[in-house]
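Heads up: the sequence lines are chains A and B, in that order.
The working numbering puts the first residue of the first sequence at 7, with every later residue one more than the last.
The working numbering puts the first residue of the second sequence at 48, with every later residue one more than the last.
These are calculated hints, taken from the structure and not from any lab test.
No experiment lies behind these values; they were computed from the predicted model shown.
Don't be surprised by glycine CBs; every beta carbon is placed ideally from N, CA and C.
Among the hints, erroneous ones may be present.
A few chain A positions that, by computed beta-carbon distances, are all more than 10 Å from chain B [what the hints assert, rightly or not]: (1) W14; (2) L54; (3) G55; (4) H67; (5) A161; (6) I235.
Computed spacing ranges between beta-carbons, pair by pair [as the list claims (entries may be wrong)]: (7) A/A12 <-> B/N188: 40 to 48 Å; (8) A/A12 <-> B/E241: 56 to 64 Å; (9) A/P126 <-> B/Q205: 37 to 45 Å.
Calculated pairs, DMTMM-like style, for lysine to aspartate or glutamate (alpha carbon to alpha carbon, straight line, at most 20 Å) [to be verified]: (10) B/K294 <-> A/D158; (11) B/K294 <-> A/E15; (12) B/K58 <-> B/D163; (13) B/K158 <-> B/E82; (14) B/K248 <-> A/D158; (15) B/K248 <-> A/D143.
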Amino acid sequence: MSAAAATWERTIRFWEASVGKKVVMAVTGAILFLFVIGHMLGNLQIYLGPEQLNAYGAKLHDLGPLLWAIRGFLLLTVALHITAAAQLWWMNRAARPTGYIRQSWVQASFASRTMIVSGPLLAGFIIYHLLHFTTGDFLSGGLAYTADGHIDVYANVVNGFSYWPASVVYILSMIVLGYHLSHGVWSMFQSVGLNHPRYMPWIRRFATAATVIIVAGNISIPVAVLAGIVR
Amino acid sequence: MRIILHIWRQKDANSPGKMVRYEVPDVNEHMSFLEMLDVLNERLIEQGEDPVTFDHDCREGICGACGFVINGIPHGPQPSTTVCQLHMRHFKDGDELYLEPWRAKAFPVIKDLMVDRSAFDRIISAGGFISVPTGSAPDGNAIPVPKEKADLAMDAAQCIGCGACVAACPNASAMLFTGAKISHLALLPQGQPERRDRALKMVAQMNAEAFGACTNIAECEAVCPKDIKIENIARMFRDFISASVLKRAG
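This is chain A alone, in the form it adopts within the complex:
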């Protein structure tokens, strides 16, 4: 067998093992977690005024082919995350064909038991979010542009969130994201084997803090628009 074929076979074997899929979940989850942090830091520039936010948006758009490469990479990451999750879920259901008549939980958190619910909800939210602010299909009046031909990110955000049902969807989605992250962030360490009694308490604290910051930071924007602070 050639070296390439051996590597390919080994990769397939890694993917086919439940443990391998968990590693894929963790690594893709970590990439998406970093993206969510970066995305929030970008968004928070709305508080620095229209010029700052629009300049940031223009800078991203001017990346051109690189922007599409990043988008492709993120799409691939999401696809792997969802595929691994779906296959694991299927495997897990098959492993327990008959359930218990009485079911109790000793320590498993609500968030940890509902990842399979929060995940698809977030996938739905991502599609809605792209149609809302990226393509403008769900934005009343479509995307607004600045005088120099760039997207007027600031005006679009204010326009989008001024419609209160959209803001409610975003706020609820961020709470769902919070649940997903509160379990996912520490889990991604565990699933690549990073669990040590000295560091695990700090990893848990980091996960909680990151979740709170991301949820609060993102929710603040629709709230600020609805409250008239950002207009």
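Since the structure of chain A is provided, determine the placement of chain B on it from the hints.
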């Protein structure tokens, strides 16, 4: 005291089962849970009925033979305790308890509360041998084992293979069991020669037995009568990853 039991009755692997209600009116608080079932079974035999089948052996909490689910918790409500060491003083007069067998595709019900756990044995055998010199007894302390490693290996080796981790897991995952078995040899010098191979083979067997995958909810750790920690699952991940990446052939 009076205890009301709802017990899963199933004739054999191919028959459908159902919950049947029993009353044990004279339970002594010093009885273990299994002794209470013995009393119930004696009565059932006297009445010409089929006694409740459950697995048990040492009744000292060290063999791993016993175990069923009490009100949704494997081995019942008392932490770090197998059902044979669970005493009736932890229950109140009039308590209603639901007894069900471990539920997993990999653990088919043999009868009533007894399941076939051979899948665990096959995971262990898949791990294979360790290279040790046989023949004359080795010199004491010829192989240095640091105290900390010895303790950690012992913590992992405490696993009695009862299957409560699989029963507690909503995914019927055997990762706590397999993680503990991989860990106790991986931590010792004697386990090093076949360490990577062992991790790959045991994980492969675990998948072949149709156990589910871990979702890190840690319910297994909470019900484990031997307090095996999910840190052992992380160690299995480390060994599996390094074995997958570093193995030269195959």
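Consistency of the hints with the structure:
Every beta carbon of chain B lies more than 10 Å from that of A/W14, the smallest distance being close to 13 Å; the non-interface claim holds. Every beta carbon of chain B lies more than 10 Å from that of A/L54, the smallest distance being close to 38 Å; the non-interface claim holds. At roughly 42 Å from the closest C-beta of chain B, the C-beta of A/G55 stays outside 10 Å, upholding its exclusion from the interface. Non-interface status of A/H67 relative to chain B is upheld: no Cβ of that chain comes within 10 Å, the nearest being about 38 Å off.
Taking the minimum C-beta to C-beta distance to chain B, about 42 Å, the non-interface status of A/A161 holds against the 10 Å cut. Distance check on A/I235: its Cβ is at least 39 Å (rounded) from any Cβ of chain B, clearing the 10 Å threshold; non-interface status holds. At about 42 Å, the CB distance of A/A12 to B/N188 agrees with the hint of 40 to 48 Å. A hinted range of 56 to 64 Å is violated for the C-beta pair A/A12 and B/E241, which are about 21 Å apart.
In this structure the hint that A/P126 and B/Q205 lie 37 to 45 Å apart at CB holds, the actual value being about 39 Å. At most 20 Å may separate the alpha-carbon atoms for a hinted pair to count; B/K294 and A/D158 exceed this at roughly 53 Å. Among the hinted pairs, B/K294 with A/E15 is consistent with the structure: their alpha-carbon atoms are about 13 Å apart, no more than 20 Å. Distance restraint check for B/K58 and B/D163: the Cα-Cα separation of roughly 14 Å lies within the 20 Å cut-off, and the hinted pair is therefore satisfied.
For the proposed pair B/K158 and B/E82, the alpha carbon gap of about 19 Å is at most 20 Å, so the pair holds. With a C-alpha separation of about 57 Å, the suggested pairing of B/K248 with A/D158 is violated against the 20 Å cut-off. Of the supplied pair hints, the one linking B/K248 and A/D143 is violated, its CA atoms being roughly 51 Å apart against a limit of 20 Å.
Checked against the numbered hints given earlier, this structure breaks hints 8, 10, 14, 15; the rest are met.
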